[in-house]
Each structure stands twice: as structure tokens, then as C-alpha cells.
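Number of protein chains: 2
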Amino acid sequence: MGHRGQLFVLSGPSGAGKSTLRERVRKRFPDLWYSVSYTTRAPRPGEKDGEDYYFVSPETFAAAVKARGFVEWARVHEHCYGTPREQVMGHLENGREVLLEIDVQGARQVKIEMPQACFVFVLPPDVESLKKRLRRRATEGEPQMKVRLEQAAREMAEAPWYDYLIVNDELDRATEELAAVIMANRCRAPVILPRVRELVQPDRG
Amino acid sequence: MGHRGQLFVLSGPSGAGKSTLRERVRKRFPDLWYSVSYTTRAPRPGEKDGEDYYFVSPETFAAAVKARGFVEWARVHEHCYGTPREQVMGHLENGREVLLEIDVQGARQVKIEMPQACFVFVLPPDVESLKKRLRRRATEGEPQMKVRLEQAAREMAEAPWYDYLIVNDELDRATEELAAVIMANRCRAPVILPRVRELVQPDRG
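Order-wise, the sequence lines are chains A and B. Heads up: take any position in the first sequence, counting from 1, add 4, and you land on our numbering. Heads up: take any position in the second sequence, counting from 1, add 4, and you land on our numbering.
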């Protein structure tokens with residue numbers, strides 16, 4: 005009768021550096037299972053199906069939504085993204101740790117369905133550096149930029165309910181912090197107790 | 005209006021390796037303030053007053069107890085140990101992190117008075133290694149050894165109510181774990197939010 009695996013949810017606004025952080029901790033914790041999301045958007049150059057995302061048609065996505073095939077799903081910038089329920093639940097039930105990197109809408113859904121998950125929010129250090137990062141990745145003009153900044157502001161307003169906040173001002177430090185959250189989580193009493201029951205059980209004379 | 009500092013309480017049975025772990029994390033986190041305890045026992049060879057302990061007479065100790073000068077105090081193996089209230093409270097009120105390394109009786113008192121502290125319990129990997137460690141440090145014969153083992157068993161029965169359990173089977177790993185608990189604690193939302201209020205405050209059109 006083992007304990008179930010811990011679910012970690014990594015979220016935050018676009019441009020905060022979530023994916024880089026996620027890739028770094030995956031290297032550090034190879035036993036952490038990362039859930040690849042489904043999406044209706046087209047692959048960008050270099051992206052691989054099944055590795056970066058599962059790229060599916062809008063019809064396939066809609067069918068999965070209808071069949072309750074996603075733990076969470078959200079529409080972000082015209083495209084849909086979803087976390088496959090069966091895989092995630094399977095790993096958790098087998099006691100494995102699972103990592104999701106999802107947007108704030110999706111994180112809210114997970115919070116309602118699985119409140120015992122560990123929620124981590126990645127923040128840019130300030131508005132200026134967020135602008136810089138969004139500008140670097142944006143192919144659109146300034147009006148689109150304004151929309152994205154407003155979107156980021158709405159996303160950052162979600163931060164207060166998360167368990168942990170990581171300010172990504174320095175990537176190495178932010179990586180250490182996310183790794184510490186995962187490692188500390190493994191030391192929580194409910195996780196360790198089943199392993200040390202014999203030691204902590206008082207003698208029954 | 006800063007937040008108050010976090011209090012970490014490190015406890016566990018004698019022989020689990022608390023002091024070694026404590027010294028290692030102190031090197032890692034020089035800004036963590038370690039509270040040196042008061043004791044009525046005589047200094048062992050090499051121990052320095054004000055560094056390992058404040059060595060005081062039973063009369064001075066009793067007077068401090070009467071004056072509510074200790075956050076917690078306990079009698080362990082014929083001697084008294086106490087944590088000075090004024091210093092600890094002063095640092096916490098100034099927003100500094102404070103580390104206590106105390107026995108389980110004392111930790112219980114802190115839990116009642118300051119339940120928001122972070123409680124970490126250090127465990128030996130198994131009864132055999134606990135025996136070995138106690139034997140190595142014991143100058144007494146086997147009967148005394150039996151008393152100490154029974155004492156350790158009673159102490160270990162306290163583990164379940166702690167926030168974190170660290171199994172000290174490998175010192176480097178145990179140090180990483182304790183460091184992760186401290187670092188993760190610094191990323192908790194209530195600690196970080198005051199620093200990022202401007203970012204997460206939604207626009208008030």
C-alpha cells in the first residue's frame with residue numbers, strides 16, 4: 005500500500021522562462037515523469053511530435069475533450085493545449101512523481117481537481133524584463149505586444165494562490181530553487197513515514 | 005511591513021547526526037542565525053562557551069526558567085538545556101531566519117508556542133546504525149546503552165507530527181535534503197509575495 009506519486013504543476017506567464025526551467029530540472033531528476041501536452045497548433049521548426057507536444061487536429065482534440073481525456077485543457081492565443089488524463093493518472097497511481105508545465109487556466113483546473121498537487125509559479129523579475137523576453141520571441145508588431153503584456157498581467161494576478169513562487173532573475177538560482185522545491189517535497193513526513201514505520205512505531209509492551 | 009523571519013526546528017533522537025547536519029547547513033547558509041543553547045552540563049573537551057553552548061550554573065538556569073527566559077527548555081540525561089527567548093524573538097522580528105537544534109521535548113514546546121515554525125526530524129536509517137552510533141559515543145556499559153536505546157525509541161515516536169523527515173543514511177544526501185527544505189521554504193508564496201506585489205497586482209482600470 006504505497007503512497008501515490010506527487011504531482012508538480014509549473015505555471016506562470018508566457019515569457020517567464022518556464023520551459024527552460026522545466027528542461028533543467030528534468031535533467032536533474034530523470035525519474036520525474038514529464039507529461040507532454042496535446043496541442044492543436046502547428047509544430048515550430050525543430051519541434052518533434054511526442055517530445056515537445058503531441059500535435060493533433062482540432063477534431064481529435066475536441067473529441068478528447070468530450071471524452072474527458074484531459075486533466076486540464078485551455079485555449080491560449082487561438083490554440084488548444086491539454087494534459088492527457090490517462091497517462092498522468094497512471095504514473096501517479098504507480099507512485100511516480102509527475103511534472104506538468106501548463107498555463108494558468110489549466111493550473112486552476114488542476115487545483116480544483118487535485119488540490120494536493122504542488123503548485124509552482126514562475127515570475128519574471130520585473131515588467132521590463134518580461135517585455136524584453138516577449139519582444140525577443142514575438143514576430144508581431146507593437147499592438148500585438150500590448151495584448152501579450154496585458155495577458156501576462158492577468159496571468160501574474162494568479163500567483164498568490166500558488167504554493168511556491170520562483171522569481172526567474174538568474175537562471176541558475178531559479179533552477180536551484182525549483183530543484184529544492186522538488187527535493188524538499190520528497191522529505192515531507194507523509195512521503196517518508198511509510199519507509200520508516202518500524203523505527204517510529206513505539207514499542208507495544 | 006516585512007514578514008517575520010522563518011524559524012526552523014531541527015530535532016531527532018541522540019545519535020541521529022543532528023549536530024553534524026546543523027553545522028553543514030550553517031556553512032551553506034551563513035545568513036541563517038543559529039541559536040546557541042544554555043546548558044547546566046559541564047563543557048566537554050574542546051567545547052567553547054558561547055559557541056557550542058552557554059554553560060551556566062543550575063541556579064542561573066532555574067532563574068531564567070522562572071523569568072520565562074526560554075522559548076523551550078528540557079532536562080535530558082540529568083542536565084538542562086534551554087533556548088534563549090529574547091535573542092530568538094529579536095531575530096525573527098527583524099525578519100531573519102533562525103535555526104534551533106533541540107531535543108524532542110523542546111520541539112514539542114516550540115510546536116505549541118510557535119506552530120508556524122518548520123519542523124525537521126532527523127532519523128537514523130535503522131536501529132542497527134543507531135546502536136552503532138550510540139555505542140561509539142557512549143562511555144558507559146551495556147545497561148546504560150539499553151536505557152539510551154529505549155530513550156531513542158521514545159524520541160523517534162515523535163517523528164510523525166514533524167513537517168519533514170530526513171533519513172540520515174548518507175551525510176551528503178541528508179545535507180542536500182536539509183538545505184532543500186530551507187531553500188524551498190524561502191520560495192513559499194507568503195515569503196515571496198511582498199517582493200513581487202507590483203507584478204501580481206492586477207490593473208485597477
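You may find that some hints are simply not true.
Because identical chains share one entry, a pair is satisfied inside a single copy or across any pair of copies.
[Claimed, not checked] Straight-line Cα separation of at most 25 angstroms, SDA-like style, residue types lysine to any residue; simulated pairs:
id : residue 1 : residue 2
1  : Lys70     : Arg139
2  : Lys31     : Thr179
3  : Lys115    : Arg190
4  : Lys52     : Cys84
5  : Lys115    : Arg30
6  : Lys150    : Glu132
7  : Lys136    : Arg201
8  : Lys70     : Met149
9  : Lys52     : Ala121
10 : Lys136    : Pro198
11 : Lys31     : Met187
12 : Lys31     : Leu175
If you are wondering where the hints come from, they were derived from the structure by calculation, not from laboratory data.
What hint numbers does the structure not satisfy?
-> Violated: hints 1, 8, 9.
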